[in-house]
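A.B. asks: Chain by chain, the residues:
Number of protein chains: 2
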Amino acid sequence: MDIRENMEKKYHEALSTYLKDQNEQALYQGQKISRLHIKYNISPEEIISMHKNNLMELYPELPGKVLDSFDFLLEVMMGYGIAYREHQSLRHQQQ
Amino acid sequence: MDIRENMEKKYHEALSTYLKDQNEQALYQGQKISRLHIKYNISPEEIISMHKNNLMELYPELPGKVLDSFDFLLEVMMGYGIAYREHQSLRHQQQ
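Residue numbers (this note's numbering), protein chains in the order written: chain F, 1 to 95; chain V, 101 to 195.
Certain hints may be false.
Just so you have them, the derived chain F footprint on chain V, three or more residues with Cβ under 8 Å [what the hints assert, rightly or not]:
| no. | stretch |
| --- | --- |
| 1 | 107–120 |
| 2 | 153–167 |
Each pair of labels, with its calculated beta carbon distance range [stated by the list, open to error]:
| no. | chain 1 | residue 1 | chain 2 | residue 2 | range |
| --- | --- | --- | --- | --- | --- |
| 3 | F | Q95 | V | L158 | 15 to 25 Å |
| 4 | F | E57 | V | Q122 | 19 to 29 Å |
| 5 | V | K165 | F | R91 | 32 to 42 Å |
| 6 | F | E61 | V | S189 | 43 to 53 Å |
| 7 | F | K9 | V | K165 | 36 to 46 Å |
| 8 | V | E157 | F | Q31 | 27 to 37 Å |
Keep in mind that the hints were calculated from the coordinates and are not lab data.
Glycine included, every Cβ here is placed at the ideal spot set by N, Cα and C.
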């Protein structure tokens with residue numbers, strides 16, 4: 001299993017746990033997942049894509065438009081991903 | 101109308117247009133929205149919150165769990181928002 005697959009698995013597990021039992025502890029897993037994903041350079045748009053895939057799997061009856069809305073959200077997040085990578089790259093140049 | 105309300109309005113308009121007519125042009129609006137939101141320091145987690153609010157309004161019948169899933173996604177995105185602001189702050193210190 002490569003890093004990306006491993007991160008997808010972790011996201012799926014943490015989201016499923018949160019949806020079963022929406023307590024602070026389960027939500028705190030979200031923070032841990034976040035740090036781990038950033039560490040392994042998973043972009044914010046990839047997170048949106050993982051989230052969409054998970055919802056498709058968990059709720060196959062979801063209206064198509066709701067799933068389509070994630071393509072728009074992904075496009076918006078892509079801008080944040082680019083801005084973040086630009087900052088990182090500038091920082092490396094300055095070091 | 102303050103900047104945040106204005107950004108929420110723009111997000112709502114662009115998302116609604118995209119969901120009516122999912123063409124490249126409508127998706128391109130997502131890129132423009134993204135640049136504008138970054139310019140006005142709207143965080144990625146605020147975008148997730150806007151997206152959730154829009155879906156609640158557009159699809160009032162959505163299963164509660166789907167809406168709950170956005171709270172998890174928001175928690176994950178918060179980490180990206182923090183990482184991005186840290187980079188920005190470092191950059192300002194170095195200038």
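A.B. asks: Please go over all the hints and tell whether each is borne out by the structure.
C.D. replies: Against the structure, the hints come out as follows:
1. 107–120: Three-residue rule met by the stretch 107–120 of chain V, so holds; n is 5.
2. 153–167: holds (count 8)
3. F:Q95 - V:L158: 15 to 25 Å: 45 Å, violated
4. F:E57 - V:Q122: 19 to 29 Å: 22 Å, holds
5. V:K165 - F:R91: 32 to 42 Å: 39 Å, holds
6. F:E61 - V:S189: 43 to 53 Å: 44 Å, holds
7. F:K9 - V:K165: 36 to 46 Å: At 20 Å between Cβs, range violated.
8. V:E157 - F:Q31: 27 to 37 Å: Between E157 (chain V) and Q31 (chain F), where Cβ atoms are some 28 Å apart, the hint holds.
In terms of the numbered hints stated before, the structure departs from hints 3 and 7, listed from lowest to highest.
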